[in-house]
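**Q** Just so you know, the sequences run in chain order D and S.
Each residue of the first sequence is one higher than the one before, starting from 1 at the first, in our numbering.
Each residue of the second sequence is one higher than the one before, starting from 1001 at the first, in our numbering.
I should point out that these hints are in silico values taken from the structure, not numbers from a laboratory.
Where a beta carbon is used, it is the ideal one built from N, C-alpha and C, also for glycine.
Keep in mind that the hints are not guaranteed to be accurate.
No more than 20 angstroms apart at the CA atoms, straight line, and that leaves these computed lysine to any residue pairs for SDA-like [claimed, not checked]:
1) 87(D) - 1145(S)
2) 253(D) - 1145(S)
3) 218(D) - 267(D)
Just the calculated beta-carbon pair ranges, DEER-fashion [to be verified]:
4) 210(D) - 1149(S): 42 to 52 angstroms
5) 1026(S) - 88(D): 24 to 34 angstroms
6) 1327(S) - 148(D): 54 to 64 angstroms
7) 167(D) - 1215(S): 22 to 32 angstroms
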Amino acid sequence: MLTILFDGIAYGMLLFILGIGLCITLGLMNFINLAHGAFAMAGGYLAVVMMNSYGISIYWCLPAAFVFSALLGALLERTLYVHLYDKSHLDQVLFSIGLVFIAMAIVDYAMGANQQIVNLPPSLEGRIDFLGASIGVYRLFVIAICGLLTVGLQFVLAKTRFGSRLRAAVDDGRAARGLGINVTTIFALTFAVGSGLAGLGGALSTGIISLDPTFPLKYMIYFLIVISVGGTTTITGPFFASILLGVADVAGKYYVPAVGGFIIYTIMVAVLILRPQGLFTRSTSR
Amino acid sequence: MSMSHLTENSAGASSRLLSAAKWRWYEIAFWIVAASLFFVFPTRLALLTEIVTLGLLALSIDLILGFAGIVTLGQGAFFGLGAYAAGIAAKYGMGVAPLSDPIVGLLIAGAVAGAVGFVTSFLVLRGSDLTRLMVTLGVGLIFAEVVNQARSITGGADGLQGVMLSPVLGIFDFDLYAQTAYVYSLGTLFVLFVIARVVMNSSFGLSLKAIKGNPLRSRAIGIPVNPRLIATYTLAAAYAGIAGGLLAQTTQAASPDMIAFHRSADTLLILVFGGAGHLYGGIIGAVAFRLMQDAFSSGSPDVWLAAVLNALPSFLNFWPIPNVLTVIFGLMGPKYWSLWLGLVLVLLVLFVRGGILGLVQSIYVRIFPSRNKVKP
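Assemble the whole structure, with the sequences as input and the hints as a guide.
**A** Quick look at the structure:
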């Protein structure tokens, strides 16, 4: 019971790190980027290659995955995404699905279609017993990193000048522009950091969830659920949504495996039915 | 503005609407060509039949996306529901009418999908584009999961086997060369197309265009926005169900693949590729898409690569050109089909507005600017 809760929390925190960039960019630019998972996949595969082929320690792989995905995100944002901001939502959806397809094919070509397995260092393997619950060391590691990142993110958003500018831009982009805040630059930066976090999450996830070329498509749905349940205006909303989703998914798969993914989809649709406007007031008001 | 002016204007408007509803020569030519393919490609009729079902599914998305302006990622759910409904009906009919009658099967498929579409339409009509996108996606995933889990009825991951059909109209049995299948599905497509054409050229269709343009203003001038959208969504769901039913009947099987997410995404692509909002866009997109896919899956990139490398002039034969060519041709294999699909999507969104038909239209306008002047 406690073990499941713990696993669920670890999974949820991972989902949060993977999806938070999407939440912020969606709230900021009202841009539907279904290709967010592709950046996570990029980070994940980079970490796998570094660890398995070159034997580089995971502690170096994680920052490398962050930097790699952030640079990739910045590059694509400046060259491709920037043309899409004033297009319709349909165009954005098609464009980002197109990117997902391309990313899947490239990864398939370069790395093969099979699932990637990483060899974790011995210090991160094994389980420890705590209050009768068996806790995986790696999951503890994931929770620690994701927790630190969450606190850091919250600090940046709440206390720094950049954070207040970002919040202003999310709340009302036009007014923020009028006040002399460079929303475009903020967006580019946020997009890069969000992609980087996704990449970091992808690298972390290799030890917990499977990494194969269908990753961006599979987890796109999870990100969307996190957004739909948590909203896009704060980071606490998506955070609790991710934890909830993680626990519900792990517990659901453990206790009622026959129902499978059914539970989370139903939760998502139910939330959207009960609070359709409340969650997306922002996108309707623009 | 005087009264006579008003009536003159409205007379002009109605005549313009009437002329828009008239059949053009190229439309007639289109259907003649479609029918004559039966004789031109007698060995490829199975492929053509599949194109017809895809085109019908794309047409159903066109009804809600191209005309009513609702973005959906869940049309595949209705397609799959229709496929399973028709398949199950035929299976329990044991090849005997009425349950195994193909046309009855299609009606069942359309009714089931339409009913589910009607019920779920109330969910879809709430919220913004993004909410709609996710609700349609979520509903689609739920049905895919249901089909996967209800093993005793649907056959689960193995798919539904043993679909037996009685002859179409009691006369034409389904044959190995898909001759009956092609004529039957093309006929169904034609009938449904004509119905859609009539509906979309009626005042109902015009009000949909108004809603798509500006829902708030449409409501203000007295168009019942939500009932219209519900009706369209239901109609589109029924169309998708019939398309699924057609595919299940002509392939004599139904599989979870028919209800999977990628079908919704692919068909959306097909429609956008062909040109949304034209009625013909989906069908033309389906032809282009399926032919492209077929070319990829039957192509032999290794042979082409060898040919190109042989023909490569020596002054170009230095690093990295041969290596790059090897990679490009390597990516042309059927496994990496999604790369080209994605590339087409990205380029389409960035450069070509309105798909193939939009392109044709803009070229036409450029050549004959006088014929397309907007009348006051």
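**Q** Does each hint hold? Answer for all of them.
**A** Verification of the supplied hints:
Distance check on the hinted pair: residue 87(D) and residue 1145(S) sit about 33 angstroms apart at the alpha-carbon level, beyond 20 angstroms; violated. Using a Cα cut-off of 20 angstroms, the hinted pair residue 253(D) and residue 1145(S) holds, with the two alpha carbons roughly 14 angstroms apart. Distance restraint check for residue 218(D) and residue 267(D): the Cα-Cα separation of roughly 17 angstroms lies within the 20 angstroms cut-off, and the hinted pair is therefore satisfied. The hint said 42 to 52 angstroms for the Cβ distance between residue 210(D) and residue 1149(S), and at roughly 21 angstroms that hint is violated.
For residue 1026(S) paired with residue 88(D), a C-beta distance near 28 angstroms keeps the hint of 24 to 34 angstroms intact. With their beta carbons about 40 angstroms apart, residue 1327(S) and residue 148(D) fall outside the hinted range of 54 to 64 angstroms. Residue 167(D) and residue 1215(S) have their C-beta atoms about 30 angstroms apart, which keeps the hinted 22 to 32 angstroms range intact.
Checked against the numbered hints above, the structure violates hints 1, 4 and 6; every other hint is satisfied.
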